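J.: Take a look at the letters that make up each chain.
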Amino acid sequence: MLPADGRATPNQTKPPLKKSPTLFKTRSLSYLAESLVLPARPLPIPVKGSRLGCRYMSDNWMIEVANLTKRYAGHTAVSNISFSVARGEIVGLLGPNGAGKSTTMRILACAQPGTSGTVRVAGLDVFLESREVRRRIGYMPENNPLHPEMRVLEYLKFRAQLKGLGRARTRDRLDVVTEQCGLKEVGRRIIGQLSKGYRQRVGLADALLHEPELIILDEPTIGLDPRQIRSVRQLIKSLATRHTVLLSTHILPEAEMTCSRMLIMYEGKILAADTPENLQRLMSGNGQVVAEIAAPAAELQECCAQIPEIEQFELSPVEGEYVRCAVTPREGVDLRPQLFALARERGWYLRELTRSRHSLEDIYVQVTGPEEEEEG
Amino acid sequence: MRAYWALTRRELAGFFLSITGYVIIAATAFLLGLSFVILLVNLQQEPTSMPVTEIFYMTQFFWLILLLAVPVITMRLFALEKYSGTFETLMTTPVSEVQVVTAKFTAALVFYMIIWLPLLGCLLIVRHYSNQTSTLDPGAVGSTFLGILLLGSLFIALGCFASSLTRSQGTAAMISLAFTSSLFLLSFLARRRGNSDWKSQTLAYLGLPDQMHDFVRGVVDTRPVVLYLSLTFLFLFLTLRVVESRRWK
Chain A
9 MLPADGRATP
19 NQTKPPLKKS
29 PTLFKTRSLS
39 YLAESLVLPA
49 RPLPIPVKGS
59 RLGCRYMSDN
69 WMIEVANLTK
79 RYAGHTAVSN
89 ISFSVARGEI
99 VGLLGPNGAG
109 KSTTMRILAC
119 AQPGTSGTVR
129 VAGLDVFLES
139 REVRRRIGYM
149 PENNPLHPEM
159 RVLEYLKFRA
169 QLKGLGRART
179 RDRLDVVTEQ
189 CGLKEVGRRI
199 IGQLSKGYRQ
209 RVGLADALLH
219 EPELIILDEP
229 TIGLDPRQIR
239 SVRQLIKSLA
249 TRHTVLLSTH
259 ILPEAEMTCS
269 RMLIMYEGKI
279 LAADTPENLQ
289 RLMSGNGQVV
299 AEIAAPAAEL
309 QECCAQIPEI
319 EQFELSPVEG
329 EYVRCAVTPR
339 EGVDLRPQLF
349 ALARERGWYL
359 RELTRSRHSL
369 EDIYVQVTGP
379 EEEEEG
Chain B
5 MRAYWALTRR
15 ELAGFFLSIT
25 GYVIIAATAF
35 LLGLSFVILL
45 VNLQQEPTSM
55 PVTEIFYMTQ
65 FFWLILLLAV
75 PVITMRLFAL
85 EKYSGTFETL
95 MTTPVSEVQV
105 VTAKFTAALV
115 FYMIIWLPLL
125 GCLLIVRHYS
135 NQTSTLDPGA
145 VGSTFLGILL
155 LGSLFIALGC
165 FASSLTRSQG
175 TAAMISLAFT
185 SSLFLLSFLA
195 RRRGNSDWKS
205 QTLAYLGLPD
215 QMHDFVRGVV
225 DTRPVVLYLS
235 LTFLFLFLTL
245 RVVESRRWK
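Residue numbers (our numbering), protein chains in the order written: chain A, 9 to 384; chain B, 5 to 253.
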């Protein structure tokens with residue numbers, strides 16, 4: 009595979025093929041090919057700690073993904089995505105199953121290489137400087153695989169050794185993470201016998217163990233009960249000051265509550281990337297309001313038709329004399345005060361008045377709508 | 005280095021924390037016990053000049069144990085971790101592939117030597133009851149165990165390679181059984197062909213049963229030692245390449 013940018017012209021003088029001592033290191037043939045067609049000029053002196061001396065000094069960005077594509081035989085999991093994450097951010101990757109969230113995270117965590125494109129973590133290339141990158145990340149995969157036959161503390165200690173923590177540091181960090189993740193009382197229990205919630209916390213504790221700069225969590229709250237979800241969410245939020253967190257989820261409220269920015273993925277592409285508030289505003293531009301009013305339907309219909317800001321409304325009777333009234337305003341007007349005023353004026357009882365927020369489903373439908381129409 | 009020891013300890017603990025490890029130990033102990041019985045019967049029948057270790061080897065249980073136990077020991081090494089997904093968490097820590105492969109190989113080899121310990125017990129019993137200290141020549145016992153170690157490391161390296169190829173433990177066991185038994189059966193082919201041409205002579209170098217026979221007699225020939233060690237390194241290297249290949253583009 010030669011680079012497509014025309015560097016491989018035949019009249020260029022190629023440097024002689026040297027017997028490379030790194031031939032048996034992790035390096036693909038395509039990479040070798042690329043290095044052989046570099047123009048003949050003195051090679052830069054490699055900087056210590058980075059191969060080829062091509063380290064980018066990008067201090068502000070924790071993750072830089074440029075034109076990343078991952079193709080499996082037959083289908084493309086991630087197609088040409090680019091995004092960056094600043095230090096200290098909590099970023100949520102949202103998307104339905106098969107959107108390419110896990111693949112992106114696995115590439116970031118050096119679990120598998122991308123087909124093309126560059127991915128940098130803390131300025132280091134995940135492909136060329138994988139080991140340095142792995143030192144800087146804590147990764148919890150999708151279904152949080154653990155060794156079920158080990159005890160919690162035993163497992164965490166084993167992981168600390170793998171991550172190269174010294175004895176004293178291991179002890180300190182074990183104390184801290186078991187406290188943080190609420191594992192103090194189950195330290196001696198066998199992982200296989202723990203509940204799903206506790207197992208998830210063990211995975212989380214493992215990801216935090218070596219105080220990584222970047223924490224990658226693939227569906228951290230899946231399968232947890234609401235109370236556990238809340239505590240995990242709290243924990244993730246508390247990490248934001250010192251760590252960068254990238255998490256994936258398909259639950260919108262969760263992302264809203266924890267993330268400072270969201271990336272919505274669908275079919276291997278990033279469709280939208282913004283703060284949760286902006287996305288909400290973007291998506292719920294029509295700001296539908298739902299009210300339940302105890303009123304004669306005909307009269308209510310008349311009233312609704314008279315209010316000029318209402319673009320469209322729909323009445324449906326609910327139990328008793330209450331009528332459910334779903335109104336869509338023009339141009340993002342908030343209709344709640346008007347509906348309340350109407351009810352007060354007529355002396356009707358008003359038992360519910362909400363501005364409907366769009367669920368993730370709606371957002372998918374909106375964001376992915378045009379494409380599906382094209383397909384259809 | 006710390007990561008290497010941690011991995012080795014965990015792998016070894018994995019054998020003892022699962023039922024598989026105990027099943028292998030029990031099955032091997034049973035087969036060794038049977039061969040011990042046969043050995044005692046042989047000793048009672050007629051006086052012999054063969055070393056005890058050689059009589060043990062002649063019972064043929066040796067190959068049964070080697071061929072059956074090794075695939076079961078090695079099948080879990082990579083396949084189980086790949087299946088359960090812990091391989092991904094392992095490879096996303098800053099450990100090198102070399103550490104992973106060597107640690108798994110070491111753990112399997114140590115466990116393999118542990119299952120052979122009952123043999124030492126049997127031999128000591130023979131010596132104790134024969135009232136002759138010369139019955140058990142330490143040299144012959146040493147070379148027997150050297151042979152067991154070297155042949156075992158070759159088979160385990162083969163098993164590691166097989167296990168790294170797949171996610172299924174069953175498949176891994178079958179592949180390594182196919183590898184090891186064909187290697188074992190090559191020697192019979194060599195024996196059938198006689199010593200006529202260069203092909204048969206080359207095949208004869210792979211005659212594992214004959215080489216092992218030398219070991220149990222107390223003869224340590226450097227040729228099989230070099231052969232076993234180099235094949236072990238070859239298959240460990242291949243395993244390493246397979247493990248590394250997940251990072252290739």
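Hints in this document: simulated from the structure, not taken from any laboratory. If you're wondering where the values come from, they're calculated on a predicted model, not measured in any experiment. Hints are not guaranteed to be accurate.
[Unchecked claim] Simulated restraints on C-beta separations:
hint : chain 1 : residue 1 : chain 2 : residue 2 : range
1    : A       : Ala-176   : B       : Met-178   : 20 to 30 Å
2    : A       : Glu-157   : B       : Val-114   : 39 to 49 Å
3    : B       : Gly-174   : A       : Asn-88    : 37 to 47 Å
4    : A       : Asp-183   : B       : Thr-90    : 22 to 32 Å
5    : A       : Glu-157   : B       : Leu-128   : 26 to 36 Å
6    : B       : Gly-174   : A       : Val-298   : 52 to 62 Å
7    : B       : Thr-90    : A       : Tyr-80    : 28 to 38 Å
8    : B       : Leu-121   : A       : His-83    : 43 to 53 Å
C-beta atoms are modelled at their ideal positions from N, C-alpha and C, and glycine is treated no differently.
J.: Would you list, in rising numerical order, the hints stated earlier that this structure does not obey?
T.: 1, 2, 7
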